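Colleague: Guided by the hints, dock chain H onto chain C, whose structure is given.
2 protein chains.
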Amino acid sequence: MSEATARFERRVLVAVDEGEESMYALSWSLRNVIFQNSRDTLILLYVKPPHAVYSPLDSTGRIDDPETPGWLISGYLFSPDISAAIEKYSQEVADCVLEKAKKLCKDLQNVMVETRVESGDPRDVICDMSQKLGADLLIMGSHGYGVVKRAFLGSVSNYCSQNVKCPVLIVKKPKPSAGAGK
Amino acid sequence: MSEATARFERRVLVAVDEGEESMYALSWSLRNVIFQNSRDTLILLYVKPPHAVYSPLDSTGRIDDPETPGWLISGYLFSPDISAAIEKYSQEVADCVLEKAKKLCKDLQNVMVETRVESGDPRDVICDMSQKLGADLLIMGSHGYGVVKRAFLGSVSNYCSQNVKCPVLIVKKPKPSAGAGK
Chain C
113 MSEATARFER
123 RVLVAVDEGE
133 ESMYALSWSL
143 RNVIFQNSRD
153 TLILLYVKPP
163 HAVYSPLDST
173 GRIDDPETPG
183 WLISGYLFSP
193 DISAAIEKYS
203 QEVADCVLEK
213 AKKLCKDLQN
223 VMVETRVESG
233 DPRDVICDMS
243 QKLGADLLIM
253 GSHGYGVVKR
263 AFLGSVSNYC
273 SQNVKCPVLI
283 VKKPKPSAGA
293 GK
Chain H
113 MSEATARFER
123 RVLVAVDEGE
133 ESMYALSWSL
143 RNVIFQNSRD
153 TLILLYVKPP
163 HAVYSPLDST
173 GRIDDPETPG
183 WLISGYLFSP
193 DISAAIEKYS
203 QEVADCVLEK
213 AKKLCKDLQN
223 VMVETRVESG
233 DPRDVICDMS
243 QKLGADLLIM
253 GSHGYGVVKR
263 AFLGSVSNYC
273 SQNVKCPVLI
283 VKKPKPSAGA
293 GK
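Residue numbers (the numbering used here), protein chains in the order written: chain C, 113 to 294; chain H, 113 to 294.
Think of the hints as simulated: they come from the structure by calculation, not from any bench.
Bear in mind the structure is a predicted one, so any value in this text is a computation, not a measurement.
Accuracy of the hints is not assured; some may be wrong.
Same chains, same names: a pair is fine if it fits in one copy or spans any two.
Claimed, not checked - Here are the computed lysine-lysine pairs in the DSS-like style, where the Cα-Cα straight-line distance is at most 25 Å:
| # | residue 1 | residue 2 |
| --- | --- | --- |
| 1 | K244 | K287 |
| 2 | K277 | K200 |
| 3 | K277 | K287 |
| 4 | K200 | K212 |
| 5 | K200 | K215 |
| 6 | K214 | K200 |
| 7 | K287 | K200 |
With the rest of the complex left out, here is chain C (with noise of 0.2 Å):
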């Protein structure tokens, strides 16, 4: 191990989605930030969307008419069947992006990977667990939202890097063009 780095025992939360954006920034940062002998903890956080369209909500919100079972949440109307067939699909989706994301570490030594699924809007989520972790550096891609949802909501990483308290890396995908990152 070097000297350079067997001294970091740094909490790096990096935050990964479906995006190639965020797989980017993670091996970006496995060449530049995190280095195989250090003795960091990094910890790759997932976010489920929120379970606004399948929880179920107090008995105010239940309809009971026998003809149509299910939850009206948020205007949508789900079935039981349907609401767990969503929350199924949310848990895959969660497993693979985070086993894409472990093989990407998959040359660590020492560096201990954690994995944390959490659920909720991204946003208020990364900043969140950046506190509760006590991250002392939030890594994520520039994008979290498709095109159509980040024109509404604005990207999750500007609000992130104006919102959470450690330092914030920021990593874009190079267009094609422009040639690989170093």
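Modeller: Just chain H, lined up with the frame of chain C:
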């Protein structure tokens, strides 16, 4: 030189200004991202305020009244003496900031440290210089204007994180109550 860091030949641009925030960003980065025995090139960039208040305009902007020799720019009138004094003061501030920043880098061994002074809106200049200098990473404090100016213009770091093509690391100085950062 350790194997982990010897391979680094990155061009790292650090935007520095009069604020403590940017000096903290630099020193945090020297502990966490830039290593004394790497072969990185560290470019310390200071952006002076725009020349608008004292640069000569073309003849249409000249006030030729011999009683008021000087330049009318953006509604402000400065005599050549005052313009020169402002320019001198501005350069002294730049020199002072860069000197302070270079002192923080004194322990770097193989890292090449360069300084640049540019003039203009820090948001545009930092973005332009990142591209022109082929920066692999931009590092800056989370603020770049005073409180009042920031309220009107938005934060420099916020603008740069959205517009710079390379990865951007934004380092916030912890509040005194939160204790010193690692």
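Colleague: Hint by hint, say whether it matches the structure.
Modeller: These are the hints, each one checked on the structure:
Taking the closest pair of Cα atoms, K244 and K287 come within 25 Å of each other only across two copies (17 Å); inside a single copy the shortest separation is 34 Å, beyond that limit. For the homomeric pair K277 and K200, neither the shortest alpha-carbon distance inside one copy (33 Å) nor that between copies (37 Å) is at most 25 Å. Proximity of K277 and K287 under a CA criterion of 25 Å is satisfied inter-copy only: 9 Å between copies versus 30 Å inside one chain copy. In this assembly of identical chains, the alpha carbons of K200 and K212 lie at most 25 Å apart only when taken from the same copy (18 Å versus 56 Å across copies).
Only within a single protomer do K200 and K215 lie at most 25 Å apart by alpha-carbon distance; the minimum there is 22 Å, versus 56 Å between protomers. For a Cα distance limit of 25 Å, the shortest separation of K214 from K200 inside one copy, 21 Å, qualifies, whereas the shortest one across copies, 55 Å, does not. For a Cα distance limit of 25 Å, the shortest separation of K287 from K200 qualifies neither inside one copy, at 34 Å, nor across copies, at 42 Å.
Against the hints set out earlier in the document, violations occur for numbers 2 and 7.
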